[in-house]
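Undergrad: Read off the chains here:
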Amino acid sequence: MRDRLIVAAQFLFTVVVASFLIVPAILSMLAGITVSYFRGIASGLTLQWVIQVWDLYAETIARSFLVAGSALVVTLVVGVPAAYALIVRGGRLARAIEEIITLPLAIPGLAIALALLLIYGGFSDFRRSWLFILAGHVVFTLPFMVRAVMAVLATMDVKTLDEGAASLGAGPWRRFRDVIVPNARPGILAGALSVVTISLGEFNLTWMLHTPLTKTLPVGLADSYASMRLEVASAYTLVFFVMIIPLLVAMQVVADLPGRQRARG
Amino acid sequence: MSRNGFAQLALLPLALVTLAFFALPMAKLVIVGATGEMGLGAYAAILLEPRYRASLIATVVLAALTTVAALAVATIAGLFLQRHRFPGRAVLIAMLTFPLAFPGVVVGFMIILLAGRQGLVGDVTSRLLGEKVVLAYSIQGLFLGYLYFSIPRVILTIMAAVEKLDPALEEAARTLGAGPWAVHRDVIFPALGPAFVASGAIAFATAMGAFGTAFTLATNIDVLPMVIYTEFTLSANIAMAAALSVGLGLVAWATLAFARSLSGSTVAAAG
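Order-wise, the sequence lines are chains A and B.
Going letter by letter, the first sequence gives residues 1 to 265 in the working numbering.
Going letter by letter, the second sequence gives residues 1001 to 1271 in the working numbering.
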């Protein structure tokens, strides 16, 4: 009896915590499609707020996709070969390099943004373009790509694969393209999903790096929270959720993949 | 081209990007912090100037309280979810980890909807007690916001650690006559120690650097990131903002490095 009570209390506690996290998100989604949040759902459902968000902020949404897509391309081009090189080389130097590129995750985004402003703020063309935001996002997302690819490569015998292909006469570039990259695919996919998800939601760096002409979605969100009526802010947040949820689901699916494959094999 | 030659070539873009957009800017940040009107005094001012010291202490206390609360909540929920199979379990886990991808600003907005002027808590309390409770814009609201983004970060690590616990140890303890509390105190919690250290460090470092949540709630509580922001934008006290950023970065980095030296695994904060 006492044990049952304890289990029931634990269940209740877990439900309360989950509600604390999810109820505001549901409230926000509802508020975004309700005629009047003050009068509640009885006032009727509408898409007028979503349309208003589209009119006001479509540009920020497009820019966020541009930045996230570009960050993905850069982290792929820079990160995947680097992950391979770090695994092949190994040793103290590789560990030191991994350490350094992971530092941006330990340092608050605000500090990194301030550092970028201090050194490049004077180059006004760069400062004013969306590429400035991209630079910050690349620094911050690169470690996710490198580490995801390294994690997958570390589980297999890269050196034997590489030497096997070399003994068959493949040059380094072909070995990388035809042997390493296909084998690293689950890591590349996991890294890519992380990079896009993080970039789409990045605020701490972006708020410092943006200009009135280079606002991204999270920057626009902060604007709307400060200056728009609750329904519009909620509709804007709803748009963000709709963008981010498929990515989160995909991440979960990818995370489950290797386990399933192993179980089958 | 030899394999080593190719490996070096493959590392070149990484080296250039890291140097141009991280290493050099951070070096500049450290130098700017030391070369303002106060010189090196700007770094000393973090501890000596009452306003900055108060902000540093408030931020550390808030981050520490958040970490302890998140660990406690995540341990109770994580143990329960990992030990029982029931319909809806997967949904509960999804609900607990979903906010992982929310930016700080969105978390702030969630707290406004929960406990702001038009919030749920105010609505319920005004009906039940006849008095509207509004927490969002106070230190309680900030704490709720920090807890909101810390729970998902901590709970996944705790659940993974619970899964790896050896049930034989608990059974042995029980056979030897240990009650449920003694089993938890002497067997389960010590075994979860490394997970507490690793996820606690991430929660602490993330809370120290959190900017978006405090920004949205717009409280007049001066957490360090908000002080840095106002020094930079409103006071144009760039050297002080740089020095405070370096201080904040050092605290966050040192926490993670310390945790890693204890637990031996890689930990990193994000968001």
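Source of the hints: derived by calculation from the structure; they are not laboratory data.
Please note that the accuracy of each hint is not assured.
Stated by the list, open to error - Have a look at the derived ranges for each label pair, beta carbon to beta carbon:
no., chain 1, residue 1, chain 2, residue 2, range
1, A, F38, B, V1060, 35 to 45 Å
2, B, I1076, A, L45, 36 to 46 Å
3, A, D178, B, K1164, 53 to 63 Å
4, B, D1186, A, F13, 20 to 30 Å
5, A, G171, B, D1186, 52 to 62 Å
6, B, S1126, A, I6, 32 to 42 Å
7, B, D1186, A, V253, 38 to 48 Å
8, B, G1041, A, D157, 48 to 58 Å
9, B, I1076, A, T155, 50 to 60 Å
Note that CB positions come from ideal geometry on N, CA and C, so glycine has one too.
Undergrad: For every hint, state whether the structure bears it out.
TA: We went through each hint and held it up to the structure:
1. A/F38 with B/V1060: 35 to 45 Å: holds, 39 Å
2. B/I1076 with A/L45: 36 to 46 Å: holds, 38 Å
3. A/D178 with B/K1164: 53 to 63 Å: violated, 37 Å
4. B/D1186 with A/F13: 20 to 30 Å: Holds - the Cβ-Cβ distance for B/D1186 and A/F13, about 23 Å, lies within 20 to 30 Å.
5. A/G171 with B/D1186: 52 to 62 Å: holds, 60 Å
6. B/S1126 with A/I6: 32 to 42 Å: At roughly 35 Å between Cβ atoms, A/I6 and B/S1126 fall inside 32 to 42 Å, so the hint holds.
7. B/D1186 with A/V253: 38 to 48 Å: holds, 39 Å
8. B/G1041 with A/D157: 48 to 58 Å: holds, 56 Å
9. B/I1076 with A/T155: 50 to 60 Å: violated, 33 Å
Of the numbered hints listed earlier, those contradicted by the structure are 3, 9.
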